[in-house]
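*Asks:* Here's the letter readout for the chains.
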Amino acid sequence: MAENLLEICDLTITPAGSTTAVLEGVSLTLAPGERVGLIGESGSGKSLTAQSIMGLLPEELNASGTVTLDGFSGNVLAAREKTLARVRSKLVSMVFQEPMSALNPLMRIGDQIAEALRIHGETQRPRMRGRVLQLLHDVHMPSPESARLAYPHQLSGGQRQRVMLAIALANSPRLLICDEPTTALDVTVQRHMLDLIAERVATVRAGLLFITHDLAVVAGVCDRVIVMHSGRIVETGSVREIFANPQHEYTRGLLASSDLESTDADGKLYTLRTALAYSGPTTSATASAASAAHTSAPASAAPTSAETKPSGNRAAATAPSAEGLGAPLIEVSGVSKLYRSGGLLRRKAPVQALEDISFSVHAGRRLGIVGESGSGKTTLLGILSGLDRPTTGHVRVGDVRVDTASSQALRSLRENLQFVFQDPFSSLDPRMRVEDIVAEPLVAQGMAREERRAKVADMLAAVDIDTASMRRYPHQFSGGQRQRISIARALVTRPQILVADEPVSALDVSVRAQVLNLLTDLVDEYALTLLFVSHDLGVVKHLCSEVIVMKDGHIVEAGATDAVYSDPQQDYTRDLIAATPSLAAALEAAR
Amino acid sequence: MSEHQDQPFDPNLPVRVDDAGPATGPNAGPAIPQRGRGRRRLSASMIIGASLVVLVFALALLSFIWTPYDPSVIDPAARLQSSSLDHPLGTDRFGRDTLTWIMYGARITLLVGIVAVGIALLVGTPIGIIAALFAQYPWGMWIGAVIMRANDILLAFPALLLAIIFAAVFQPGTGPAMVAVGIAAIPGFARVARSGTMQVLSSEYVRAARASNRSTPAIAVVHVLPNIAGMVIVQASVAFAISVLAEAGLSFLGLGTQPPVPSWGRMLQESQQFLSTHPELALWPGLCIALAVLGFNLLGDGLRDRFDPKMEARGDG
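Taken in order, these protein sequences are the chains called A and B.
The numbering of the first sequence is the numbering used here, which starts it at 1 and goes up by one.
The numbering of the second sequence is the numbering used here, which starts it at 592 and goes up by one.
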């Protein structure tokens with residue numbers, strides 16, 4: 001092997017005034033042109049590693065060890081800012097996670113790319129424009145000429161991330177670092193972005209360090225994978241080695257809990273704790289069996305979706321009786337929502353957030369609502385819960401006509417319909433104790449204090465939160481725990497309907513599996529009707545019996561989950577399913 | 592998925608660790624240094640500000656128990672003295688002890704500050720919250736707008752002019768001055784409270800409270816008030832500094848505290864004619880006013896750093 005492009009040796013990072021290292025003895029190498037994935041959950045130290053390579057570590061962190069780059073003399077950690085500035089963009093450059101804040105909102109796209117070129121002074125002024133256009137063209141920007149003159153807010157998230165990539169590659173760096181570049185993007189956009197990164201990196205023959213929490217993503221892009229946990233590297237190996245035969249228990253756990261298609265003997269998703277029983281992602285044989293399952297369900301095909309859900313079967317078993325009862329629990333017909341925005345100075349065209357939405361849900365069913373950002377999922381939920389009114393159309397939940405309901409009727413509706421929100425960090429009031437947060441819906445019902453306490457304690461026990469910590473504040477809990485508190489709050493009044501708005505999309509994979517398992521248990525135990533909104537098809541597939549696919553305020557496709565997944569009727573659904581990263585598919589491609 | 596490193600999570604607390612199997616060891620939590628509430632250090636500005644404020648309060652409280660002299664006793668034999676053991680800060684033209692007057696003056700300064708800020712806080716904060724609450728409903732938007740425009744008009748009205756009108760309508764005195772300063776400070780509180788409330792109302796925990804049938808007033812009390820309290824306290828501290836200054840100014844003009852009640856502003860005014868011969872007569876009250884204003888402003892800055900969530904993310908630096 002030729003000289004390594006990047007060599008990190010024994011990198012240890014300690015915050016000032018602390019004795020415990022947040023990154024400990026990290027060593028890794030990257031050969032020229034090699035594509036390496038750095039995997040870990042939040043807090044594993046993967047971003048800190050990337051920042052040390054760029055020399056971007058915050059001042060209050062003390063770093064020891066060496067980081068050497070081919071073409072740069074000396075240790076990056078010890079180098080001065082001025083010498084580092086010359087290195088960045090020419091030797092190493094970086095694409096960040098958040099496309100919304102990484103570009104200057106007051107500068108035209110073309111100027112921002114030109115800036116990167118100008119600072120390193122290799123492109124002559126007259127040739128600048130052509131070079132900028134070339135770069136935009138290379139990242140497959142639709143109509144580069146007009147994109148050059150656009151401001152960041154005029155571009156979509158995916159387009160912005162393309163621009164970021166163009167800037168990062170402007171000076172043909174030898175190493176490109178991507179820090180969760182697709183996490184904030186929709187699945188279909190993510191697919192294109194990943195392809196683009198792979199293509200560009202191959203074209204300019206740069207090395208790639210790809211940081212992500214998503215195993216399925218990394219499998220498609222990288223040759224080699226490094227797994228980090230708690231500031232240490234726990235395992236290194238080729239994609240195939242890591243995925244097919246993980247050595248470290250943490251890697252195995254991570255792999256098991258991110259695979260939503262496999263479940264253990266009880267029909268539960270694997271968690272870090274139960275990962276030992278996990279036998280690897282569904283491979284080609286079983287995958288094709290799964291896709292063929294809708295025609296002739298083969299009993300031999302191991303974990304196909306039909307078999308893996310005894311809980312789902314239970315739901316299916318109760319379903320006919322529900323249908324026998326006649327009217328569905330939730331009925332939405334012809335709902336449209338038109339937003340008129342703008343004030344005195346700005347008149348905007350009205351926005352059609354929802355158009356002619358109709359569906360119905362029977363009691364005890366689990367409906368998944370799938371769509372990308374801007375598809376109107378959240379607006380629909382607002383209307384269902386009576387927090388928002390439809391422009392036209394009717395919504396009936398139980399006996400309540402939501403669209404015309406009096407505030408009295410809405411009150412009784414809300415006792416029956418509760419929410420779990422996406423962000424575990426903003427959905428709990430930071431200044432309230434956990435017991436008060438969970439008790440809030442009971443207070444609204446006017447329940448006496450003693451009774452409330454007892455119910456809250458029961459509910460917290462049901463979601464596996466230690467009742468001893470009831471008097472703590474939300475910031476003392478981790479993301480997964482907060483989401484469980486959120487679930488406890490929603491279920492403490494024993495509603496009939498639970499509406500979950502992307503409840504696991506902000507969680508780490510291992511925590512995600514736990515929360516999903518909990519949700520499945522509770523839905524069964526309390527005989528809930530579940531409305532589950534997500535952009536993640538895998539999660540919906542695991543959890544829901546029926547699914548609606550939404551796009552731009554329309555329902556594109558609806559039906560039983562298995563049928564929709566195995567035999568999508570619409571192009572959009574097909575795209576969505578194809579674009580969703582899955583371990584099995586990624587592994588297939590790696591072979 | 593984003594890295595929630597900004598969130599304070601103290602692994603030292605015996606909270607049950609999420610999801611870590613026994614084999615993988617304890618989940619070490621976020622990689623960034625822990626920032627429990629207790630660990631955040633006090634900033635220098637906060638310490639200096641707080642000490643100055645405490646000093647002013649101590650002076651005022653002490654004056655109730657003990658002062659070197661009686662402030663109203665006139666002693667022609669000891670007029671216009673410089674600092675001495677008998678009169679540490681000297682005496683004025685009637686032979687009254689300056690230190691005694693400074694101590695008594697602190698009372699008026701604090702009284703005006705507390706009453707004025709009290710008026711502004713108790714009136715302004717609910718106005719702001721109500722305006723924000725109305726603004727979230729389509730039918731109430733105009734009410735919110737009217738309230739805030741009325742607020743803007745009051746903001747545009749010069750505080751001094753208001754005080755002069757009050758002095759003309761009632762009579763010049765501490766009472767009308769306090770009320771005028773308080774009314775002039777209302778818009779600041781209303782604005783702060785409104786923007787804070789808007790922020791809180793857009794959060795998911797308020798959505799959750801709505802979804803669980805909490806009434807709007809209950810949401811205002813349970814969720815909004817505690818979460819904007821920090822911002823309001825910062826505003827109070829800054830408004831306090833402004834009222835101290837305003838009282839001194841009004842008393843200097845003869846529109847505030849009337850003789851024979853000791854006040855720093857009046858001391859300044861009376862020292863005018865002796866500025867060339869006895870500058871220390873102006874120096875002491877001037878210094879007191881400056882330090883009190885500085886103290887409350889620094890305290891306000893310090894509190895803002897402490898309460899501002901954006902600053903929190905920066906950590907112990």
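Accuracy of the hints is not assured; some may be wrong.
Claimed, not checked - One side of the interface only, derived from the structure: several residues of chain A facing chain B at Cβ under 10 Å:
1. Asn104
2. Pro105
3. Asp429
4. Met432
5. Asp436
6. Leu442
Think of the hints as simulated: they come from the structure by calculation, not from any bench.
Keep in mind it's a predicted model, so treat the numbers as computed, not measured.
All C-beta atoms, glycine included, are put in the ideal place defined by N, C-alpha and C.
*Asks:* Of the numbered hints stated earlier in the document, which are not met by this structure?
*Replies:* Violated hints: 1, 2; rest satisfied.
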